[in-house]
Amino acid sequence: GAVVSQHPSRVICKSGTSVKIECRSLDFQATTMFWYRQFPKKSLMLMATSNEGSKATYEQGVEKDKFLINHASLTLSTLTVTSAHPEDSSFYICSARRGYEQFFGPGTRLTVL
Amino acid sequence: ELKVEQNPLFLSMQEGKNYTIYCNYSTTSDRLYWYRQDPGKSLESLFVLLSNGAVKQEGRLMASLDTKARLSTLHITAAVHDLSATYFCAVDKWGGGSEKLVFGKGTKLTVNP
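One line per chain: the protein sequences are A and B, in this order. Per this note's numbering, the first sequence starts with residue 2, numbered consecutively. Per this note's numbering, the second sequence starts with residue 277, numbered consecutively.
These aren't lab readings, by the way, just hints derived from the structure by calculation. Just so it is clear, the structure is predicted and the values come from calculations on it, not from any experiment. One or more of the hints may lead you astray.
As the list claims (entries may be wrong) - Each computed DMTMM-like pair below joins lysine to aspartate or glutamate, with the alpha-carbon atoms no more than 25 Å apart:
id : chain 1 : residue 1 : chain 2 : residue 2
1  : A       : K42       : B       : E320
2  : B       : K317      : B       : E281
3  : B       : K317      : A       : E23
4  : A       : K43       : B       : E277
5  : B       : K344      : A       : E102
6  : A       : K43       : B       : E281
7  : B       : K317      : B       : D342
8  : B       : K279      : B       : E375
9  : A       : K42       : B       : D342
10 : B       : K279      : A       : E102
11 : A       : K42       : A       : E64
12 : B       : K332      : B       : E320
13 : B       : K344      : B       : E277
14 : A       : K56       : B       : D368
15 : B       : K332      : B       : E291
16 : B       : K317      : A       : E60
17 : A       : K56       : A       : D28
18 : B       : K293      : B       : E334
19 : B       : K384      : B       : E291
20 : A       : K43       : B       : E320
21 : B       : K279      : B       : D314
22 : B       : K369      : A       : E88
23 : A       : K43       : B       : D314
24 : A       : K65       : B       : E375
25 : A       : K42       : B       : E277
26 : A       : K67       : B       : E375
27 : B       : K369      : A       : E102
28 : A       : K21       : A       : E60
29 : B       : K279      : B       : D342
30 : B       : K381      : A       : E88
31 : A       : K43       : B       : E375
32 : A       : K21       : A       : E64
Unchecked claim - Derived DEER-like restraints, expressed as beta-carbon distance ranges:
id : chain 1 : residue 1 : chain 2 : residue 2 : range
33 : A       : G62       : B       : S302      : 17 to 25 Å
34 : A       : S16       : B       : S302      : 37 to 45 Å
35 : A       : K67       : B       : A354      : 41 to 49 Å
Where a beta carbon is used, it is the ideal one built from N, C-alpha and C, also for glycine.
Using the sequences plus the hints, can you model the full thing?
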């Protein structure tokens with residue numbers, strides 16, 4: 002149990018376009034999900050905490066208007082990167098909390114040309 | 277501010293040898309997590325340590341937690357090439373109305389034949 006999926010796994014887009022990434026908990030309900038960003042050879046950086054039915058809590062330095070998070074149901078959170086630029090290229094990983102554990106999705110590699 | 281420090285950051289080992297990765301954290305926390313990450317992949321949960329003195333073992337890996345010393349260790353016994361990966365420790369932090377994980381920088385382990 003405790004499987005988290007992400008879609009898409011890989012996306013390439015042009016600068017200025019918006020990209021939506023989905024994170025789903027497949028076999029459990031998750032009130033809280035998290036979005037992380039990871040640069041090459043670096044650790045995970047928490048971007049925001051996504052709570053079902055309420056506004057996301059963003060970490061300091063993360064632009065709310067650029068990284069839109071919606072957690073409309075207990076099994077789905079979405080991250081939309083708006084007006085993407087090359088510096089937004091990164092590996093984005095979501096996780097879903099169940100009890101005291103976080104279960105991680107397989108990640109989405111975003112490349113902005 | 278909670279800080280999590282891992283050392284070493286890079287570790288090159290010979291197959292068959294033993295070694296230990298250390299994870300220190302700066303403020304009180306009762307839960308510590310170890311993850312493995314292969315290149316281009318997301319995180320795989322290895323161990324969840326929930327209390328002082330906790331010890332868990334899986335195959336050639338053994339993790340322990342000393343909450344008084346704020347120290348966790350990940351011990352590798354008789355390393356094999358398949359253990360080559362990056363290992364992260366993470367500690368729970370309460371903030372912004374939710375518990376969230378603070379990660380160490382990771383230890384890149386290379387096991388040489």
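Do the hints match the structure? See the list:
1. A/K42 with B/E320: holds, 16 Å
2. B/K317 with B/E281: Since the Cα atoms of B/K317 and B/E281 sit roughly 22 Å apart, the hinted pair holds (cutoff 25 Å).
3. B/K317 with A/E23: holds, 17 Å
4. A/K43 with B/E277: holds, 20 Å
5. B/K344 with A/E102: With Cα atoms ~22 Å apart, B/K344 and A/E102 stay inside 25 Å; holds.
6. A/K43 with B/E281: Holds, at about 13 Å.
7. B/K317 with B/D342: Violated: B/K317 and B/D342 sit about 30 Å apart, past 25 Å.
8. B/K279 with B/E375: It holds: about 15 Å lies between the C-alpha atoms, which stays within 25 Å.
9. A/K42 with B/D342: Violated, at roughly 28 Å.
10. B/K279 with A/E102: Holds: B/K279 and A/E102 sit about 20 Å apart, inside 25 Å.
11. A/K42 with A/E64: Cα-Cα ~23 Å, so holds.
12. B/K332 with B/E320: holds, 16 Å
13. B/K344 with B/E277: Cα-Cα ~18 Å, so holds.
14. A/K56 with B/D368: holds, 22 Å
15. B/K332 with B/E291: Given pair B/K332, B/E291 holds - Cα atoms ~22 Å apart, limit 25 Å.
16. B/K317 with A/E60: Within the cut-off at roughly 24 Å; holds.
17. A/K56 with A/D28: Answer holds: A/K56 to A/D28 is near 24 Å, not above 25 Å.
18. B/K293 with B/E334: Between B/K293 and B/E334 the Cα gap is close to 17 Å, so the pair holds against 25 Å.
19. B/K384 with B/E291: Cα-Cα ~15 Å, so holds.
20. A/K43 with B/E320: holds, 16 Å
21. B/K279 with B/D314: The hint holds at about 24 Å.
22. B/K369 with A/E88: Violated, at about 29 Å.
23. A/K43 with B/D314: Holds - the C-alpha atoms of B/D314 and A/K43 are around 13 Å apart, at most 25 Å.
24. A/K65 with B/E375: Status holds; Cα separation ~20 Å.
25. A/K42 with B/E277: Measuring from Cα to Cα gives roughly 24 Å; hence the hint holds.
26. A/K67 with B/E375: holds, 24 Å
27. B/K369 with A/E102: Answer holds: B/K369 to A/E102 is near 13 Å, not above 25 Å.
28. A/K21 with A/E60: Roughly 20 Å between the alpha carbons, so the hint for A/K21 and A/E60 holds.
29. B/K279 with B/D342: Satisfied, since the Cα-Cα distance of roughly 16 Å is no more than 25 Å.
30. B/K381 with A/E88: holds, 21 Å
31. A/K43 with B/E375: holds, 22 Å
32. A/K21 with A/E64: holds, 16 Å
33. A/G62 with B/S302: 17 to 25 Å: holds, 20 Å
34. A/S16 with B/S302: 37 to 45 Å: Holds, since A/S16 and B/S302 (Cβ atoms, about 40 Å apart) stay within the stated range.
35. A/K67 with B/A354: 41 to 49 Å: 48 Å Cβ-Cβ, so the 41 to 49 Å window holds.
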